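> With the sequences and hints as input, model every part of the structure.
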Amino acid sequence: MIRVILPTHLRTLARVDGEVELHVEGPITQRSVLDALEARYPALCGTIRDHVTLQRRAFVRFFACEEDISHEPPEAPLPDAVASGAEPFFVVGAIAGG
Amino acid sequence: MSRVRVLVGTRKGAFILTSDGKRENWEVNGPHFAGWEIYHLKGSPVDPNRLYTSQSSGWFGQIIQRSSDGGKTWEQPGTKPGEPSTTPDGMPMGESNKFVYDTSPESGKPLTTHQWYDGTQHPWEFKRVWHLEPSLTDPDTVYAGVEDAALFRTTDGAQTWHELAGLRGHGTGPKWQPGAGGMCLHTILLDPSDPGRIFIAISAAGAFRTDDAGKTWRPINRGLSSQYIPDPNAEVGHCVHRIALNRSRPNVLFMQKHWDVMRSDDAGDSWHEVSGNLPTDFGFPIDVHAHEPDTVYVVPIKSDAEHYPMDGKLRVYRSRTGGQEWEALTKGLPQRDCYVNVLRDAMAVDSLDSCGVYFGTTGGQVYASADAGDSWAPIVRDLPPVLSVEVQTLP
Numbered sequence: 001m002i003r004v005i006l007p008t009h010l011r012t013l014a015r016v017d018g019e020v021e022l023h024v025e026g027p028i029t030q031r032s033v034l035d036a037l038e039a040r041y042p043a044l045c046g047t048i049r050d051h052v053t054l055q056r057r058a059f060v061r062f063f064a065c066e067e068d069i070s071h072e073p074p075e076a077p078l079p080d081a082v083a084s085g086a087e088p089f090f091v092v093g094a095i096a097g098g
Numbered sequence: 099m100s101r102v103r104v105l106v107g108t109r110k111g112a113f114i115l116t117s118d119g120k121r122e123n124w125e126v127n128g129p130h131f132a133g134w135e136i137y138h139l140k141g142s143p144v145d146p147n148r149l150y151t152s153q154s155s156g157w158f159g160q161i162i163q164r165s166s167d168g169g170k171t172w173e174q175p176g177t178k179p180g181e182p183s184t185t186p187d188g189m190p191m192g193e194s195n196k197f198v199y200d201t202s203p204e205s206g207k208p209l210t211t212h213q214w215y216d217g218t219q220h221p222w223e224f225k226r227v228w229h230l231e232p233s234l235t236d237p238d239t240v241y242a243g244v245e246d247a248a249l250f251r252t253t254d255g256a257q258t259w260h261e262l263a264g265l266r267g268h269g270t271g272p273k274w275q276p277g278a279g280g281m282c283l284h285t286i287l288l289d290p291s292d293p294g295r296i297f298i299a300i301s302a303a304g305a306f307r308t309d310d311a312g313k314t315w316r317p318i319n320r321g322l323s324s325q326y327i328p329d330p331n332a333e334v335g336h337c338v339h340r341i342a343l344n345r346s347r348p349n350v351l352f353m354q355k356h357w358d359v360m361r362s363d364d365a366g367d368s369w370h371e372v373s374g375n376l377p378t379d380f381g382f383p384i385d386v387h388a389h390e391p392d393t394v395y396v397v398p399i400k401s402d403a404e405h406y407p408m409d410g411k412l413r414v415y416r417s418r419t420g421g422q423e424w425e426a427l428t429k430g431l432p433q434r435d436c437y438v439n440v441l442r443d444a445m446a447v448d449s450l451d452s453c454g455v456y457f458g459t460t461g462g463q464v465y466a467s468a469d470a471g472d473s474w475a476p477i478v479r480d481l482p483p484v485l486s487v488e489v490q491t492l493p
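Here the protein sequences line up with chains F and B, keeping their order. At position 80 of the first sequence the residue is numbered 80 (the working numbering), and the sequence of numbers has no breaks. At position 186 of the second sequence the residue is numbered 284 (the working numbering), and the sequence of numbers has no breaks.
Simulated from the structure, these hints should not be mistaken for lab results. One or more hints might be untrue.
What the hints assert, rightly or not - No farther apart than 20 Å at their CA atoms in a straight line, the calculated lysine to aspartate or glutamate pairs in the DMTMM-like style are these: (1) B:273 / B:329; (2) B:110 / B:122; (3) B:196 / F:35; (4) B:225 / F:67; (5) B:313 / B:289; (6) B:411 / B:435; (7) B:170 / B:135; (8) B:196 / F:50; (9) B:120 / B:472.
What the hints assert, rightly or not - Estimated spans, in silico, between C-beta atoms of each pair: (10) B:404 / F:12: 35 to 41 Å; (11) B:309 / F:70: 44 to 50 Å; (12) F:65 / B:493: 55 to 61 Å; (13) B:203 / F:26: 32 to 38 Å; (14) F:71 / B:428: 30 to 36 Å; (15) F:1 / B:218: 48 to 54 Å; (16) B:346 / F:70: 33 to 39 Å; (17) F:70 / B:132: 25 to 31 Å.
Stated by the list, open to error - Chain F is nowhere near these chain B residues, computed Cβ spacing over 10 Å in every case: (18) 117; (19) 118; (20) 174; (21) 176; (22) 193; (23) 198; (24) 210; (25) 278; (26) 310; (27) 320; (28) 327; (29) 349; (30) 363; (31) 365; (32) 406; (33) 461.
In this text, all values refer to a predicted model and were calculated from it rather than measured experimentally. In this text, a Cβ means the ideal position worked out from N, Cα and C, and glycines have one as well.
See below:
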């Protein structure tokens with residue numbers, strides 16, 4: 001089971017509290033996790049990545065195991081700790097301003 | 099007794115203000131969509147409890163919300179609880195948030211670039227919905243004006259949106275350029291006497307009209323003069339801030355341009371200036387009295403560099419002669435140390451016998467006048483900066 005932690009605004013949109021748990025088929029990558037997330041919570045389509053190009057929105061970042069993995073290829077495997085459910089996959093609104 | 103419902107979009111959520119027809123005591127409900135920018139929300143003229151909201155964020159993009167009970171509850175169209183979360187071919191739903199420019203050859207001339215601030219060509223990039231205009235006849239049909247400038251339409255209650263690509267494709271698109279607030283399509287006026295006729299306005303391109311329900315478009319900017327562009331009398335490139343009409347006389351349009359208040363008596367074919375004795379003719383909103391088609395309201399702002407009222411005095415100006423002759427309306431408005439702005443979509447009129455006028459400020463105040471502007475009182479004083487104000491007159 002993959003654990004995903006969403007920022008507050010997206011939890012509100014998806015109508016969830018706390019972590020989201022997802023069953024993801026096949027290799028565990030940014031893309032497969034986000035595909036599963038959007039399939040389960042269609043309201044999130046377009047909020048994390050573009051509807052058409054599937055590129056990450058400019059002010060959204062991805063973290064795993066305390067590392068910023070925003071610029072990793074979408075098809076790159078996520079860390080084993082995320083794939084095993086030991087660590088969550090974080091979707092974070094980038095900090096702007098003070 | 100009739101009631102009014104004022105729909106307020108702010109930088110940090112939406113608010114719904116309600117009162118009876120006296121418009122003295124108000125109930126304030128909100129924030130809805132707390133923390134999100136609400137550029138606009140508006141109700142259907144044929145089903146007043148059907149509301150549509152543009153909810154957006156620089157972080158998370160564009161969301162469309164819909165209410166069928168006057169704003170008590172909201173849903174994202176297309177993702178109602180219990181619906182299957184994917185289509186038969188496995189694609190996720192959630193189309194209500196999806197605004198994709200039409201680049202198909204069938205649309206005529208797929209257009210991919212417009213003018214950028216530095217004069218180079220720049221690809222069209224969707225940013226947000228500025229304005230939602232529900233159909234005058236069908237509660238499931240809504241028009242959306244977006245940034246980068248384009249017009250979209252839904253006919254299924256906002257579940258899916260499709261671009262009316264003839265606007266961007268008619269030929270002048272590469273000359274359009276963003277204004278200081280972005281390249282936004284901010285005004286949509288539906289002609290109540292002609293279902294095929296729609297007026298729209300774009301900053302900074304100008305005003306445009308279709309007479310065939312959005313298939314073909316042409317610029318309607320003859321008579322506009324803008325000293326800040328290379329050709330002051332160009333066909334397009336004018337920073338139109340807002341246009342307005344009275345439903346009983348839709349061929350007469352009033353415009354607040356970047357500078358200049360303008361009037362057209364021929365559905366935009368030609369314009370003439372009616373700034374007259376205004377202390378400054380820079381401003382953003384403009385609106386027309388519900389029952390007196392020659393009574394017009396503007397809020398003069400000092401200049402394009404100083405977006406606040408002159409002399410710290412918040413004054414609405416009213417013309418009862420269709421322009422040229424303007425009177426300052428000050429009773430109940432702050433007349434010292436006031437440096438707020440009133441944005442282009444933040445003024446509205448109701449249709450009660452004594453026409454109510456409403457506007458919101460960047461300081462978070464929403465003012466109402468129940469006597470056509472003679473006197474004003476704040477409904478609320480401390481909302482987030484107000485982006486839009488609409489009003490519904492309810493039975």
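> Now tell me, hint by hint, if it's right for this structure.
Evaluated hints:
1. B:273 / B:329: Distance ~12 Å between residue 273 of chain B and residue 329 of chain B Cα, so the pair holds.
2. B:110 / B:122: With a Cα-Cα distance of about 26 Å, the restraint between residue 110 of chain B and residue 122 of chain B is violated, given a limit of 20 Å.
3. B:196 / F:35: Cα-Cα ~16 Å, so holds.
4. B:225 / F:67: 29 Å, violated
5. B:313 / B:289: 16 Å, holds
6. B:411 / B:435: 7 Å, holds
7. B:170 / B:135: Status holds; Cα separation ~19 Å.
8. B:196 / F:50: Answer holds: residue 196 of chain B to residue 50 of chain F is near 9 Å, not above 20 Å.
9. B:120 / B:472: 15 Å, holds
10. B:404 / F:12: 35 to 41 Å: Since the Cβ atoms of residue 404 of chain B and residue 12 of chain F sit about 38 Å apart, the hinted range of 35 to 41 Å holds.
11. B:309 / F:70: 44 to 50 Å: 48 Å, holds
12. F:65 / B:493: 55 to 61 Å: Taking Cβ atoms as reference, residue 65 of chain F and residue 493 of chain B lie about 60 Å apart, which means the hint holds.
13. B:203 / F:26: 32 to 38 Å: Taking Cβ atoms as reference, residue 203 of chain B and residue 26 of chain F lie about 36 Å apart, which means the hint holds.
14. F:71 / B:428: 30 to 36 Å: Since residue 71 of chain F and residue 428 of chain B have Cβ atoms about 56 Å apart, the given range 30 to 36 Å is violated.
15. F:1 / B:218: 48 to 54 Å: Since residue 1 of chain F and residue 218 of chain B have Cβ atoms about 49 Å apart, the given range 48 to 54 Å holds.
16. B:346 / F:70: 33 to 39 Å: 56 Å, violated
17. F:70 / B:132: 25 to 31 Å: 27 Å, holds
18. 117: 29 Å, holds
19. 118: Non-interface label on residue 118 of chain B holds, nearest chain F Cβ at 33 Å vs cutoff 10 Å.
20. 174: The claim breaks: residue 174 of chain B does not keep its Cβ more than 10 Å from every Cβ of chain F (closest is about 5 Å).
21. 176: 7 Å, violated
22. 193: At about 8 Å from chain F, residue 193 of chain B fails to clear the 10 Å cut-off, so the statement is violated.
23. 198: 6 Å, violated
24. 210: Per Cβ check, residue 210 of chain B is outside 10 Å of chain F; nearest 14 Å; holds.
25. 278: 20 Å, holds
26. 310: Holds: least Cβ distance 29 Å, greater than 10 Å.
27. 320: 38 Å, holds
28. 327: 30 Å, holds
29. 349: Fine: 39 Å to the nearest Cβ keeps residue 349 of chain B off the interface.
30. 363: 43 Å, holds
31. 365: 36 Å, holds
32. 406: 23 Å, holds
33. 461: 21 Å, holds
In this structure, the earlier hints numbered 2, 4, 14, 16, 20, 21, 22, 23 are contradicted, and the remaining ones agree with it.
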